[in-house]
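K.L.:
What follows is each chain in one-letter form.
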Amino acid sequence: MNRGIRWVGYGIALAAVVFAVVLASRFGTDPGLVDSPLLGQPAPMFELPPLEGGETISLGDLEGEIVVVNFFASWCLQCRNEHADLTSTADAFADQGVTLVQIAYQESPPASLQYLEVAGRSPSALYLADPGSRTAIAYGVFGIPETFFIDEEGTVVGKIIGESDALTLGATIDAIKRGESPGQNVTGDTQQAPDG
Amino acid sequence: MSERLRNVVTIGLLVVMATVLVVLVATSPTDTDRVQAIGERIKCPVCQGESIANSPSPMARDMMGLVAERVADGGSDEAIVDELLASYSGAVLLDPPARGWTLLLWIAPLVALGAGAGVILWWRRHPVEPAPVTASDEVTGRRRLVPLLVLVGAFAGIVVVAGFFLQERAGPATGAADLAGEELDDVSNETMEAVIAANLDDPEVDGMRLALAERYYQAGDYRSAFPHYLEVAESDDATESQAVAALIRLGWMAWDGNAEVDAAVGLFDQALAIDAGSATARYLKAQVLWCGAAAYEQAAGLFEAVLSDPELPEESRDLVEADLAAVNSGASCT
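Chains A and B supply the protein sequences, listed in that same order.
With the first sequence counted from 1, adding 19 to any position gets you our numbering.
Residue 33 in our numbering sits at position 39 of the second sequence; the count goes up by one each step and never skips.
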């Protein structure tokens, strides 16, 4: 009987160790890297004003297109690095039913506009403000850059966390055009607002 | 019970009920309390373990603004939390939900407490008698080591597996582009255009330009192929073989697309100036001179030069010999 209870003790100790290791494995894991619950779901609708002001633009206006939603800011180094790639991708796919929507995150429209003036724009892309971060919250943004891919049916089928490049962006769009769901791709770190 | 006593009891009951009512009304949560309570359940996504109610970050303030908006619109606590869960998943909750796998986190301490209490109770009821020391104690000691070793081994295994798991999650970027090594078969022309446009200063971009131009060329889209071949031909970073390949294609497109004999010959000559032994440049120049300028002698000389190349493949040799025979017979090009 003593031997039996000893084994029960060892079993409990082992279970505790497994439990502790599983918990410990989560320490240091960036919660922003969990798979987005939006993948496979209808994309959250938005209706946002352009950075310059004027009439709002809604996701519904882009029905039937592949929409690439990128959250950016001038204070984000990774966003600066990927900007030329986003622009060239928007240009290359402009007549292929693909629209790039860049949404300013935690930044005033004048600051974003000033940055875009230097960084450049694609004539086919949309540059929008996000008052109150409502759209960033709806898309579950943890940090930027984060880029979401919405297929022609309006479903979120892809997400890139971190800095992207033209090949990654284009290959993701290519996959969507083939009817695939690229899912989530972690390419690097994201950044928080300086005072965040 | 006298009437007076009944009245006192009745009044007393009324006072108690009124007091309870007042207390209930006074302590019912206001909208502000609800916003605060919900905010304290939600983890600020840009902070370290802080709730949105307690974080000064602009993102947390915006999220509190959303919660306040939903409360004012009459949304229930759970509906508001569920809305955030739909965007952020359970990672946004400070306390894990008591359902699914995270239910284990709530149950595990109770189970551990119960198990511990059970073991203590069992030990108290079954005190262990000190065993007499025997000669077999050494063997028993070794036997006792076995479960300990099993435990240590299991722990090491778990650590290794957990380490592997962690390494996987924190692995390198999965989407980083490598212009030279990336498999381009599944990549569209648009993607290649985007990559080229975004990497104009990258010396390796000439390889992708050439690959893309070749796609356009093979599809008969000379208009799209032309600028890329031209960029490679004029690039300081292009290798000699890349420049020669681009010049040869430009030469052939000048003839085949626009019937420009002089331009085509000039481009073939540029290719031959870089690589004097290029059989392709020589052969195509001969074709253009024969078909476009009826320069039979020059064409024949070039065909002969091509045939003098000992490394010319047999199937190509047959083709060139047939062309040479046709030129020598004065036949027009077909």
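No wet-lab data here; the hints were simulated from the structure.
Some hints here could point you the wrong way.
What the hints assert, rightly or not - A few chain B residues facing chain A, derived, Cβ under 7 Å:
{"no.": "1", "residue": "Ala109"}
{"no.": "2", "residue": "Val146"}
{"no.": "3", "residue": "Ala148"}
{"no.": "4", "residue": "Glu184"}
{"no.": "5", "residue": "Val189"}
{"no.": "6", "residue": "Phe220"}
Unchecked claim - Here are the simulated SDA-like cross-link-like pairs (lysine to any residue), alpha carbons at most 20 Å apart as the crow flies:
{"no.": "7", "chain 1": "A", "residue 1": "Lys196", "chain 2": "B", "residue 2": "Asp179"}
{"no.": "8", "chain 1": "A", "residue 1": "Lys196", "chain 2": "B", "residue 2": "Asp180"}
{"no.": "9", "chain 1": "A", "residue 1": "Lys196", "chain 2": "B", "residue 2": "Ser182"}
{"no.": "10", "chain 1": "A", "residue 1": "Lys196", "chain 2": "B", "residue 2": "Ser45"}
{"no.": "11", "chain 1": "A", "residue 1": "Lys196", "chain 2": "B", "residue 2": "Ala85"}
{"no.": "12", "chain 1": "A", "residue 1": "Lys196", "chain 2": "B", "residue 2": "Leu178"}
Every residue gets a Cβ at the ideal spot worked out from N, C-alpha and C, and that includes glycine.
K.L.:
Work down the list of hints and note, for each, if the structure agrees.
P.N.:
The hints, checked one at a time:
no.	hint	verdict
1	Ala109	holds (5 Å)
2	Val146	violated (10 Å)
3	Ala148	holds (6 Å)
4	Glu184	holds (4 Å)
5	Val189	holds (4 Å)
6	Phe220	violated (17 Å)
7	A:Lys196 to B:Asp179	holds (15 Å)
8	A:Lys196 to B:Asp180	holds (12 Å)
9	A:Lys196 to B:Ser182	holds (10 Å)
10	A:Lys196 to B:Ser45	violated (40 Å)
11	A:Lys196 to B:Ala85	violated (31 Å)
12	A:Lys196 to B:Leu178	holds (16 Å)
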